[in-house]
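Trainee: Here the sequence shown stands for residues 1 to 412, numbered as in the numbering used here.
It is possible that part of the hints are untrue.
Claimed, not checked - Listed next, with one range per pair, are the computed distances between beta-carbon atoms:
1. 281 x 258: 32 to 38 Å
2. 257 x 201: 18 to 24 Å
3. 269 x 351: 49 to 55 Å
4. 400 x 153: 16 to 22 Å
5. 232 x 154: 41 to 47 Å
6. 253 x 328: 31 to 37 Å
7. 306 x 266: 38 to 44 Å
8. 287 x 148: 29 to 35 Å
9. 269 x 412: 52 to 58 Å
10. 253 x 153: 23 to 29 Å
Derived by calculation from the structure, the hints in this document are not laboratory data.
Ideal placement from N, C-alpha and C gives every residue a C-beta, glycine not left out.
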Amino acid sequence: MVISNQNNIVVPIRPTNVRGGGHNRRALSVINHELGEANPPCYVAKKRGFTKAEGVCNNGAAHRPMTRNSAAEMAVQQQPTVEEAKKLKTSAHELAVFEDIALTDVDDHEPVPMSLEHSEIEMRDKNQMEEVEMEDIFEETSTDIDGCDANNPLAVVDYVEDLYAYYKKMEGASHVSPEYMSQQVDINERMRAILIDWLIEVHHKFDLRKETLFLTVNLIDRFLAKQSVVRKELQLIGLVAMLLACKYEEVAVPVVEDLVFISDKAYNKKQVLEMEKLMLNTLQFNMSVPTTYVFMLRFLKAAQSDSELELLSFFLIELCLVEYEMLKYPPSLLAAAAIYTAQCTLHGVAQWSKTCEGHTSYSQDQLLGCSRMIVGFHQKAATGKLTGVHRKYNTSKFGYAARCKPAEFLVQ
1 MVISNQNNIV VPIRPTNVRG GGHNRRALSV INHELGEANP PCYVAKKRGF
51 TKAEGVCNNG AAHRPMTRNS AAEMAVQQQP TVEEAKKLKT SAHELAVFED
101 IALTDVDDHE PVPMSLEHSE IEMRDKNQME EVEMEDIFEE TSTDIDGCDA
151 NNPLAVVDYV EDLYAYYKKM EGASHVSPEY MSQQVDINER MRAILIDWLI
201 EVHHKFDLRK ETLFLTVNLI DRFLAKQSVV RKELQLIGLV AMLLACKYEE
251 VAVPVVEDLV FISDKAYNKK QVLEMEKLML NTLQFNMSVP TTYVFMLRFL
301 KAAQSDSELE LLSFFLIELC LVEYEMLKYP PSLLAAAAIY TAQCTLHGVA
351 QWSKTCEGHT SYSQDQLLGC SRMIVGFHQK AATGKLTGVH RKYNTSKFGY
401 AARCKPAEFL VQ
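My request is simple: use the sequences and hints to build the entire structure.
Mentor: Quick look at the structure:
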């Protein structure tokens, strides 16, 4: 039988016909209620247990099957006498006082309640999670772009950072002076632009590799910076530079007769071979130089590019090959600016990730001047006489990259 008091605490009532008098045997919850604790909390202190002599702990009975008679006998045995009830009440009072003292005098060596432990752990985890989320929002982390190639021996992941550090160091040594044309007497910047625009079309007709084109332009500029030439030999220099680049980069090299044919037989085979000797001796057979293409590969990987971004980036960088004034920029900066401009063109907003900045070593502010010049070249790519790059990238093979609208917001 149970009853509920005014505080809705369920209090068990024992039958009065049990020996020892039911009115003297009160539940511990009633005693705690009289002490002002209607809802006893979880205490920190280790509670003092009762001994066997007090008739509360009975370890043996807990493991025996209980029948109706044994239950009745146990109820009779567990009923204390009047003196035992007084001792029990005194013990309960002492226990309550001990618990009150323990709550106020808990030290660091006492065990923390499980509920409090969970609360502290949850709060700590929540704070850490909020810190991580705030870092994700306000601090962009750099991405490991070489993790996907860890098992690819051709990617040389263990050495790739050292390789590009060496390329950055060597690009200054192989960089051409942007004023070398002032030393030439019979040619000028306009003639150079016509030659390279024509070579881009020849490169496209022969279906050569991209690196061949960039090395061809590098050989022309390095040779012209050291050797004074006449106007009628300029086309021959371009053909020989492409022949040397093909021998260095290609598997199937065009024969000399093919080069003579595309020049409309303006030169013969002997002239081609003699110019080849002169160019190699002038350049001291140094063909291994970091061109813009070398940096384009790495920086496009850092930008996590797709085919659309890659084609547009190469369209913009080939526009720069034609322009003599772009020689004032080192190849690495030119490549980074082309990719940055392509990203702005596709997305309509200026964006340059931490990963791109880390791998290129150029910030967005450092690229802005070069990028604005590239946007200007993009705006006039389809106009004038030098439209070879635009026609090349206005085909389905190159994804009609030339049809993208320039990022005019960069120059406004």
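Trainee: All hints are to be evaluated individually against the structure, with a verdict given for each.
Mentor: Structure-based check of all given hints:
no. : hint                  : result
1   : 281 x 258: 32 to 38 Å : violated, 24 Å
2   : 257 x 201: 18 to 24 Å : holds, 19 Å
3   : 269 x 351: 49 to 55 Å : holds, 52 Å
4   : 400 x 153: 16 to 22 Å : violated, 36 Å
5   : 232 x 154: 41 to 47 Å : holds, 44 Å
6   : 253 x 328: 31 to 37 Å : holds, 33 Å
7   : 306 x 266: 38 to 44 Å : holds, 42 Å
8   : 287 x 148: 29 to 35 Å : holds, 31 Å
9   : 269 x 412: 52 to 58 Å : holds, 53 Å
10  : 253 x 153: 23 to 29 Å : holds, 27 Å
Figure legend: structure checked against the earlier numbered hints; hints not met, in rising order: 1 and 4.
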